[in-house]
Structures are given as C-alpha cells and as structure tokens.
Amino acid sequence: MQRFTLLASTAFLLTAPLAPTAFAAQIAEGDTLAEDQTFSYSLLDQFPTLDPQLNEEVQGSHIIAQLFEGLTRQDADGNVIPAGATEWTNENNTVWTFKLREDARWSNGEPVTASDYVYAWRRAADPETASPYAWYVELSSIEGAAEVVAGEAEPETLGVEAVDDHTLKVTLTQPLPFFPAVVTYATFMPTPQTTIEQHGSDWTSPGNMVSNGAYTLAELAVNEYFRLEKNPEYWNADEVIITEVTGYIINDRNQSVTRWEAGEFDMMDDLPAGTYPDLLEQYPDETFSTPRLCSYYYAINFSESGNPALQDVNVRKALSYALNREVIVDQVLKGGQSPAYNFAHEATAGFEMPEIDYAAWSQSERMERARELMAEAGYGPDNPLDLDLIYNTSDSHKAIATVAAQMWKPLGVNITLSNYEWQSYIDIRGEQNFDLARSGWCGDYNEASTFLDLVTTTHGSNDGKYSNAEVDRLMTESRTMDDPNEAYTQVEQILADEMAIIPIYHYTQNFLLDADIRNWPMNNVENNWYIQDIYRAASE
Amino acid sequence: MLAFILRRLLVAIPVLILLVVVTFVLMYAAPGSPFATERGVPPQVLANLEREYGLDRPFLAQIGTYIWNIVSDFDFGPSFVYRDQDVNDLIAQGFPVTLTYGFWAFVLAVLVGGTLGIVAAVRQNSWLDYLAVGISIGAQVLPNFVLAPILVLIFTLWLGWLPGGGWQGGQWEFVIMPVVALGTSFMASIARIARASMLEVLSSNFIRTARAKGLPGRRIILRHALKPALLPVISYLGPAFVGMITGSVVIDIYFSTGGIGQFFVASALNRDYGVMMGITVLLGALTILFNLLVDIAYAWIDPKIRY
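One line per chain: the protein sequences are D and U, in this order.
Going by this note's numbering, the first sequence opens with residue 117, and the numbers climb by one from there.
Going by this note's numbering, the second sequence opens with residue 70, and the numbers climb by one from there.
For the record, the hints were derived by calculation from the structure and aren't laboratory data.
There may be inaccurate statements among the hints.
[Claimed, not checked] Over the 10 Å line for every Cβ pair with chain U, so calculated as not near, a few chain D residues:
no. : residue
1   : Q142
2   : T154
3   : A378
4   : D394
5   : Q479
6   : A491
7   : I610
8   : E614
[To be verified] Short derived list, chain D residues pointing at chain U, Cβ under 10 Å:
no. : residue
9   : E151
10  : F163
11  : T165
All of these numbers come straight from a predicted model, not from anything done at the bench.
Cβ coordinates follow ideal geometry from the N, Cα and C atoms, glycine included.
Working from the sequences, and respecting the hints, build out all of it.
Shown next as structure tokens:
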C-alpha cells in the first residue's frame, strides 16, 4: 500500500483554508488582453473517456480538469488550493471535513452539494462501475474502499458522508497528511447523478454532459477534435478569461509541429524525439523544457528467470557504471533531460538529492571501475555475458537501447535487443521474461515515496522483483516520520550500493507554446494545467 | 444471374462467420489485455473490468453472444478502450468520413488514371505517352506517407491555402489533401493497367479487322477497344474501392480526419477487441460485396462470361 506524506505542504494546507480567494487568471502589468480569447492545443491520441470516475490517463485528465472541479486543485507551482471546498479541517489526519463552496453550481444551474461528491466517490469504487482507476480510491485509504472495490461490501459503506449540503466528511483507515492533494485528481471530482442515470454511458456526450467546472463540453469528434466553452454557471466565471478551448487529436507528432508552425493551434507537447534543439533555435521564445516528475531506468530481473549473473552486485554495478548518461541525454534525447544516478526525480517536492558516489566520478573513472568489477565477476571480452534487453516500440527507447548495448560491449556484454509493442511488453515484463527491461515511472503525487515505494518487495510494479528487507522497513517507517528525507536518502544509498535498478535519466516536459499565452504553469512538475488561469495577451 | 447473386450472398454468410471465428481466436491467442497498464491493475479491479465486458465467461459463450448480438440487434458491442463509445457509434461516426474521402479519391483515380492510361496507349511512343507514363511512375513511387507531408508542407505551411488536418464535417478545404494523398498511387496503378491492357487490345485481330474496314479511329477506340480494355482495370477496381472507402491508416493519422482507417492498427495495438472485431466484419462484408459487384460488371462487359 502506498501512502502520501508531504510535510512541506502541511503547513501550507493549514493556512490555505484561511484564504478562500481562489486563484484565477491574474493579468500581468503592462499586458493588454487580446480580442481573441480562445486557446487551442494538440493531443497525441484520442482520450478513452471524459467520465471522471472512469478516466485513468493523462490526456483525459487534462480535459476533465477544465470540465469538472473537485474539492481542491493545484496552482501554477503545484501547491494545493481550495476549489470546490473553501476550507478543510482534520482530526489526526484521519477524519477530514471539507466545507463546500455555497455558490458552486452545475452547468444546468443546480447547486453542487456534498451528496454529489458522495455519489461520485461511491461510484468510483463500485464494482458495477468497473472503473480501471478504482485502485486509486483504495490507494487513498478511505475507510471501506478496499472492501467495496472487492465487492465484499456495499458502496454505501464507503467512509464518505454528506453531513449537510455543504459539509463533506471523509474517514480514512490511516493518517494521511496529504489527503487534500489526493482529491485533486479526476476520480474524486463530483458527477451529476440525475444526468448519469438518465443517459447511461452516453452522459459524457456533448449536449448531455452536465459539469461543474470552468468549461462545458460543446463538441466532440472522435479522433479529430473537441471544443469546450466557458461555463456561465461556474462560480468564478467572471475571472475566467479564455472563452473557448479546442483540442486537436494529431497522432503524427511531426505533422503536429508543422501545423503548430502554420499557426493552427497554440500549444503542443510530446515533441518528436530529437527535435527540441532545432525548435529551440528556431522559436527561442516559444520552445520550453521544464522538469517532469518521471524517471527512466532499466529494471534488472532479480527473479529466477533472470540471468544468474545479475545476482552478482559487481555485474549490476558494472552495467550501470558503463552507461554514459551524458551521451544519452545530450546526443540521443536532446531535450534538456538530466542524467540520473538515483531513482526519485530531482525536482520532487521536498526531496534532498542523495550523494551517490559514482555520480561524481568522470565517465572514464566509471568505465575503468566497470571493467574491474566485470573481471572480478569473471566476465570480459574473452568470456562474454549474454543478456536480453527488452523495450517497447518507440524510436527513443530503441535509440537508447542501441547506444547502451554499444557502451556495454567493451565489458564483454552481448546484448540481444527485443522490441515488443506495448500490450505484449507489459505482459512480458510483468512475467519477468527478461534480463533488463526499459522502464519509466511518473509520480502519482509530488513526493519521493511515489518513486521509492516501487522498489519495495510487494509493490505491484516492481517488475524486477528486487527485494531488500531494509528498504521495506525504511519505507514503512518513513510514513510516520517527521522528516522522511532521512529514510529516503538511506533507501537511495542502498539502491546505489546494490544497484537495484539502473537509473538513466530524469524527464523533462518539452513543448511549444504560443508567445501570447500568459500564466502557463511552468513550475508544475506534474504538468497539471487549468485554462481558467491563463489568458492571451495582445501581440506587441 | 439472379440465382448467381443469391448463391453468392448465401455463401457470404458462412464466410463472414468463419472470419469472426478466426479473428476471435487470433485475438485470444495474442498476449496482452485491453486493461493492462504500466502500473499494473490490481486483481480485484481487473476482475470487475473482465466481468463488465464478459471476458470472465467461457470462450464459446463469448463468441456465441457476440455473433448473436450482431445477428439479432446488429449490435457490435462496446469498445474496450473508448469507454464513452460503443463500436456502432465509432463506426457510425468514422465510416461516413472515410467513405467521403475514399469515394472522391476513387473518382480521382479512375478519371485521371483511366484517361492517362488510354491516352498513353492510343498515342503510344508520343510525347503524350511519355508524359503520362512519367506522371504515373512518379505517382507510383510516391507513397502516401511521403506525399502527405509534402502536400502539407506546400499548401499549409508555405502557401497557407489549406488547413493541415481535421475534417470539420467534410468542408471541401479539409477534403482535398486526403483525397489527393490517397488517390494518387491508385491513380498511377490504374493508368498503368489501363495502358497495358489498351495496348494489348489495340493489337488484337478484331481491332485490325475494324481498321481494315476503314472505321474512323475514334470510333474504334470508343466502340470496340474501350470495353475489353477495361476488364483488367475493373478487376483491380473492386478491391481498390474497398481499400479506399475503408480508409487508410496513413491518411487518418496524418490528416486527423477521424475516419475508421486508423482503427485497423490502433484497435489491434490497444487490444480493443470490440472495435477490432467490428472493423474486421465491416471490411470483410464490404470486400465480399464489391467482389460480387465486380463479377456482375464482368458479365456485363464481357459477353463470353455467363453465370
């Protein structure tokens, strides 16, 4: 079970309820507003759903965050701020009481009440709903969640209750100081019971959908585009400047760049691999690279199905040392990523980067040490080691894997590269049919345990089956520590000493953004954005 | 003739059922699941999802229900990935788009390709022939995934005349580039087939006889040579038409038309069993239908063929 602790934010959470004035589009001095206040962007794929309780992926979350409003949301820096709730209190971080905004209304004019939240949360956990994200309700430690998801208890037994129309009480099974951050996600946004019961699964169609956020759904053409309009019933509608949001679905990223250059839309992310430097040179004011809370690494198979040589720490260390990460980020990826020698992303809130010894060495020192370690383990060019490296279909995964195989060659390591398309890849990696596996992990929330929990014995995504009792103990203890960083540093140290994974790089978010768009949340490492906070300045 | 058509339609039913069964079995045999994600779905959640989609039932029950729902309600079931849509919705939204640009691409290919081929054959070894052959070879070696970016570069980025993608209900400026990109290589094939077959017909005995009788050249071509020369073109047109109206992965992805072409690949990669089955059945039924139409057209054109 994961959990959330972010003590750095706790102080903020206590003071936040005293300042109910919500964040909205603040116009900078000297800016005049453009006449045209529309915003458009390009998405990589058709999003599977706009139903907040069914959503499980990023592109849908971005749209849902414009259409619906949960109890809390994030500001430009990723801090939790009041949204549907104006203030909240807690007892021992276990019983949480949220005061709801009295002027919040659905787009059909009906008031948003505590029972709308209760309905939505029960709906998310209810097996009848069959939400792929039901596990998130479990993860949040709400009382009864696990039993409801498992079908062992009625949804009504979930620990959430409407005390009155504007008071919501939530009971957790364990203290969770960061609970207000958990409820920013789509799963916990309220949904309109009457509309859902009336239209069934068609309730998310334009015309049917009733929402409570800053925007409403106006048009939707699958695999082509969607359009949102400003919601006049939104409680803070007066402060919302952008009147229309359009998203174009463009699978081909190079085509998307061309259309952005032609001025067809304002923003695109997921830039094609390797194009960032050229775009930066061509559009210096409109090309950005900001940290993104994800880490890229190679998982090592510690289970019986892995090559027995990988049980030897010297072999694992040699593999890691021999990887020239500078070359990978500067010459292969070229997107401003940073070389990684530890697991948790360097931009994780409150996380102190551990001092990993080999991070400070030069590459020739690392290479020399790698050769020695391999020799100690009994391998070398005369006695080569054959390993299987798997990755899922993608140009950059392929490029990194090819470069890595070259870098390992001098150690006498022969790599067989195996490429699988995504769904097969997940199966194969989950069944430990590999020696080394391309992996990436993005934080569910902005705190280091979202990464470090992954290397604990029982974690569902610990595909390398790494297991260390000390790591498990430290991660359990960190949950109740005042300053968990000490535990995190120790865990990272163990990971480096044992080379439990091979960290490669920390992600950046690379994107193009029209120069007239203001207030874009560049410092939000989770890449959460709210169109109601931005505006378009008149071109100079 | 009517008996022939009826017989062919009756045979189509077991063919389609066989297609469904084979696709279903292959789908089952493929590794992966529509619900698998990088972070791993907990078993309870997975069980709920499988129950929702009936994947927890025995194989025969699943395939039986699937076929029965199609036969009784024409219901192709839910999409496993797009939770807000069912397969009928997705096809109903996407197919008119593909049908539109596919149809115009077909018209372009047949008119331009046919004319080029025939003119080239009639004026063999003249500059017209060389020009027509040059154009068709040029068009043939430019696959649509190369042509599409070139078109966008010229007409969207440099000239700013046409939008680089989208469909917007099929307004003409959104339709032009998909039609040209899709139709060009078909046009080239048709031109080459038409030229070759026309040349063959023009050197045959009955044409020589017509010439010897002193018939005017125009009349020989239009009355006597054209019909037999079209036979090979027509046998190519049936599958080509199905290929065009069921769309192209490249066109749909490149121009974001929202057509069904991209589902061919995407549904297989996503393990979207519902969409994959629906698209396969649609494509299968259309292929059978157009092959039948081609056979009927044969009988009309070639008096030697009788059913």
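Right, here's what the structure says about each hint:
Every C-beta of chain U lies more than 10 Å from that of Q142 of chain D, the closest at about 33 Å, which supports listing it as non-interface. With a cut of 10 Å on Cβ distances, T154 of chain D stays outside the contact zone with chain U, its closest approach being about 15 Å. Separation of A378 of chain D from chain U is inadequate, the least Cβ-Cβ distance of about 5 Å not exceeding the 10 Å criterion. Chain U leaves D394 of chain D outside its interface by the beta-carbon criterion, the shortest separation being 15 Å against a cut-off of 10 Å.
Once the 10 Å rule is applied to beta carbons, Q479 of chain D is consistent with being away from chain U; the minimum gap is 30 Å. With 10 Å as the threshold on Cβ separation, the claim that A491 of chain D sits away from chain U holds: the shortest Cβ distance comes to roughly 37 Å. Every Cβ of chain U is farther than 10 Å from the Cβ of I610 of chain D; the closest lies at roughly 23 Å, confirming the non-interface assignment. The non-interface label for E614 of chain D is consistent with chain U: the shortest C-beta to C-beta separation is roughly 23 Å, beyond 10 Å.
Nearest Cβ of chain U to the Cβ of E151 of chain D: about 21 Å, over the 10 Å cut. The hint is violated. This hint holds: F163 of chain D has a C-beta 9 Å from the nearest C-beta of chain U, less than the 10 Å allowed. Here the hint on T165 of chain D is kept, as its CB sits about 4 Å from the closest CB of chain U, short of 10 Å.
Going through the hint list in order, the structure does not satisfy hints 3, 9.
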